[in-house]
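Those protein sequence lines, which keep their order, are chains A and B.
Numbered according to the working numbering, the first sequence spans residues 4 to 339.
Numbered according to the working numbering, the second sequence spans residues 8 to 153.
A couple of the hints might just be wrong.
[As the list claims (entries may be wrong)] To spell it out: a stretch of chain B is covered by chain A in this simulated footprint if at least three of its residues, at any positions, have a beta carbon under 8 Å from a beta carbon of chain A; those stretches are:
hint, region
1, 65 to 71
2, 81 to 90
3, 96 to 107
4, 115 to 124
5, 132 to 143
[Stated by the list, open to error] Cross-link-like lysine-lysine pairs, in silico, BS3-like; alpha carbons within 30 Å at most:
hint, chain 1, residue 1, chain 2, residue 2
6, A, 221, B, 146
7, B, 127, A, 225
8, B, 150, A, 242
9, A, 332, B, 127
10, A, 225, B, 151
11, B, 147, A, 252
12, A, 303, A, 132
13, A, 166, A, 225
14, A, 332, A, 89
15, A, 303, B, 127
16, B, 147, A, 225
17, A, 130, A, 9
18, A, 242, A, 252
19, A, 166, A, 9
20, B, 133, A, 221
21, B, 20, A, 202
22, A, 221, B, 66
23, A, 221, B, 140
24, B, 146, B, 20
25, A, 332, B, 140
26, A, 130, A, 79
27, B, 146, A, 225
28, B, 133, A, 332
29, B, 150, A, 332
None of these hints come from the bench; they were simulated from the model.
All residues carry an ideal CB built from backbone N, CA and C; glycine is no exception.
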Amino acid sequence: MENIEKQLREEAKKLLAEKKVDVIVGYEEGTLPYQAAPCFIEDPESAERLVWNKYCSVNLAKYVHDLIFQHKESQKRTKPEERTKKIVGVVARGCTTRSIVLHLQEKQYDRDQVVVIGVPCTGYISKKKLAAAVDGKEVIECSVAGDALSVTTVDGTKDIPLKEVTAANCLTCRFNNPVISDMMIGDPAPAMDVDNEYKEVDEFESLSEEERWTYFTKEMGKCIRCYACRNTCPSCYCKVCFVEQSQPKWVGAGIDETDTQVFQFMRMFHMAGRCVDCGSCLEVCPMGVDLRTFLKKLDKDAYNLFDEYRVGESLDTLPPLSAHSTEDKEEFIFEP
Amino acid sequence: MTENKANENWEPKIIAFVCNWCTYAGADLAGISRLQYPPNVRLVRLPCSGRVNPFYVVKALQEGADGVLVSGCHPGECHYITGNLSARRKFSMLKNFLSYVGIEPDRTLFTWVSASEGEKFAHVVKGVTEKVKALGPAKKLVKKFE
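So that you can see chain A by itself, here it is in the shape it has in the complex (with noise of 0.2 Å):
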């Protein structure tokens, strides 16, 4: 871990003095001992505030896009000749990469306007099972000692299994190394458990109608409508988000339960074959709403309906809902 740090920073030290890139994303050291908080490297002297550890969690991809897109905004009174392009250096693990290739695949930006500063990862602690670990106790101090991690809290020191806090989505990931990369720091890390990728997703299947409506009622009436979620993640990121169109008004904007549910059921309907599974709307969530068992079901129909798609595997594979075949399922049709 260390050392890909120091590589990492080198790397990052480099680049920005070739000028090969204007800014990089990466993470710094966060405000709490367990956190890594996302930062924007500009100079060469402060890449070594760059960090990589076990607690980098949100998908860094949503930064690149935002920082194209506003450049590209800034310069809308710019003669097109005078026009700069704007390049951004990214530190991205398998998840962050696959992002990257859906912005790539939906045209968001060019492939020469991002670079790839690839790390293996073999998944990040979630802040939530670590304060459920602890009992919701303050972290003192907290520190990854081989397999698991110690933790301080007022009640003393503890050693917590890592696979215990490492996010869920982390536990069944089988895109550990970067899909795309201009550079890679450190091994390729092996693939975790993928054969129960979709465990949560069966599980939920099997239960009756009533079972899976009260779940999604209940864990929708968590929902506070910050819009946290959607703010973090990679795949969301229209100009105008629907929820503050007003022509048409497409959600009310009240305290009525049915218009969260609506509000949660379309965003997650619009990941549909667009989802990278990086957690990022879990991780940031301040009322613990789990998505993860739905948005994991639109993946695994996006693989089961369309030729075993998975979503920013390659740039040449489209998301299916940007392509057609006529070959595809229609048992859903209505026939009477």
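Please build the complex by placing chain B on the supplied structure of chain A, with the hints as guidance.
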């Protein structure tokens, strides 16, 4: 208009999103041919089944439709060449996802009716009305307007 299933007078409200070139013309043919079919379906004419935003379906359910029918040209016969093929992909996922969260699968139905299939249109409407009637009034996802 009471929402009690036990009430024999309850009639379902069904919204149908139909494409201009096939199903709408099919419905027209059914009318010209004086075919009888239940009057529960309200047609909304759209340029193509590919124009049907999944949001229309969910919104219709939220605002009190007991059932939603989406119908367009048969695959390969789309006026816009591939509109219905995109629609088919969208709706196969939408239908699965709606039933996954626990909404009755029979509330949202998708079918193909061409311009020459007046009889099939009447048949489809009969079938949809029967299915939705069997389910009773929609309760899930329905917004209450006071």
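Structure-based check of each hint:
no.: 1; hint: 65 to 71; result: holds (count 3)
no.: 2; hint: 81 to 90; result: holds (count 3)
no.: 3; hint: 96 to 107; result: holds (count 11)
no.: 4; hint: 115 to 124; result: holds (count 4)
no.: 5; hint: 132 to 143; result: holds (count 3)
no.: 6; hint: A:221 - B:146; result: 16 Å, holds
no.: 7; hint: B:127 - A:225; result: 45 Å, violated
no.: 8; hint: B:150 - A:242; result: 28 Å, holds
no.: 9; hint: A:332 - B:127; result: 22 Å, holds
no.: 10; hint: A:225 - B:151; result: 20 Å, holds
no.: 11; hint: B:147 - A:252; result: 21 Å, holds
no.: 12; hint: A:303 - A:132; result: 24 Å, holds
no.: 13; hint: A:166 - A:225; result: 27 Å, holds
no.: 14; hint: A:332 - A:89; result: 42 Å, violated
no.: 15; hint: A:303 - B:127; result: 34 Å, violated
no.: 16; hint: B:147 - A:225; result: 17 Å, holds
no.: 17; hint: A:130 - A:9; result: 25 Å, holds
no.: 18; hint: A:242 - A:252; result: 16 Å, holds
no.: 19; hint: A:166 - A:9; result: 26 Å, holds
no.: 20; hint: B:133 - A:221; result: 36 Å, violated
no.: 21; hint: B:20 - A:202; result: 38 Å, violated
no.: 22; hint: A:221 - B:66; result: 20 Å, holds
no.: 23; hint: A:221 - B:140; result: 28 Å, holds
no.: 24; hint: B:146 - B:20; result: 13 Å, holds
no.: 25; hint: A:332 - B:140; result: 28 Å, holds
no.: 26; hint: A:130 - A:79; result: 40 Å, violated
no.: 27; hint: B:146 - A:225; result: 20 Å, holds
no.: 28; hint: B:133 - A:332; result: 25 Å, holds
no.: 29; hint: B:150 - A:332; result: 33 Å, violated
Hints 7, 14, 15, 20, 21, 26 and 29, counting from the list given before, are not met by this structure.
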